[in-house]
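K.L.:
Sequence:
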Amino acid sequence: MIIKSQEQVKQIPVEMEGAVGAKVQVLLGPADNAPTMAMRIFELDPNGHTPYHKHAFEHEVMILDGDLAVVTPEGDVPVKPGDVMLVVPDEMHQFKNCSDTHTARFMCLVPIAYQA
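So in the numbering used here, spot 108 of the sequence shown is number 108, and the numbers just go up one at a time.
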């Protein structure tokens with residue numbers, strides 16, 4: 001069993017093209033020899049966002065803090081702390097912080113094979 005504090009995990013910039021003011025912490029992943037899933041926390045600066053993108057794997061998300069919207073092909077969907085979602089494979093999506101003054105955070109779980 002592995003137990004650690006989020007404070008022990010380095011926060012790094014999201015280096016995907018199209019990301020603005022986005023940082024990630026890989027709480028559990030390859031470095032921990034996690035066999036199946038990786039757990040990450042993303043932090044978005046005020047008006048920050050992830051890229052508008054899709055990928056070949058599902059992921060599960062829980063909104064932790066902030067004023068966020070999920071951008072979908074059908075439009076923006078407001079989400080709040082405590083909301084959870086399933087992003088299915090090949091579904092276009094983006095997370096954006098709608099606040100001009102506060103950071104926003106969400107937890108995201110993905111298959112370990114997709115967490116470098």
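Incorrect hints may appear among the rest.
[Stated by the list, open to error] Listed next, the in silico SDA-like pairs over lysine to any residue satisfying Cα-Cα at most 20 Å (straight line):
#1 80 x 70
#2 80 x 62
#3 4 x 54
#4 80 x 63
#5 4 x 109
#6 54 x 7
#7 23 x 74
#8 4 x 36
Simulated from the structure, these hints should not be mistaken for lab results.
K.L.:
Taking the hints in turn, state whether each one holds.
P.N.:
Now the hints, each set against the structure:
no.: 1; hint: 80 x 70; in the structure: holds (10 Å)
no.: 2; hint: 80 x 62; in the structure: holds (9 Å)
no.: 3; hint: 4 x 54; in the structure: violated (31 Å)
no.: 4; hint: 80 x 63; in the structure: holds (6 Å)
no.: 5; hint: 4 x 109; in the structure: holds (17 Å)
no.: 6; hint: 54 x 7; in the structure: violated (30 Å)
no.: 7; hint: 23 x 74; in the structure: violated (26 Å)
no.: 8; hint: 4 x 36; in the structure: holds (18 Å)
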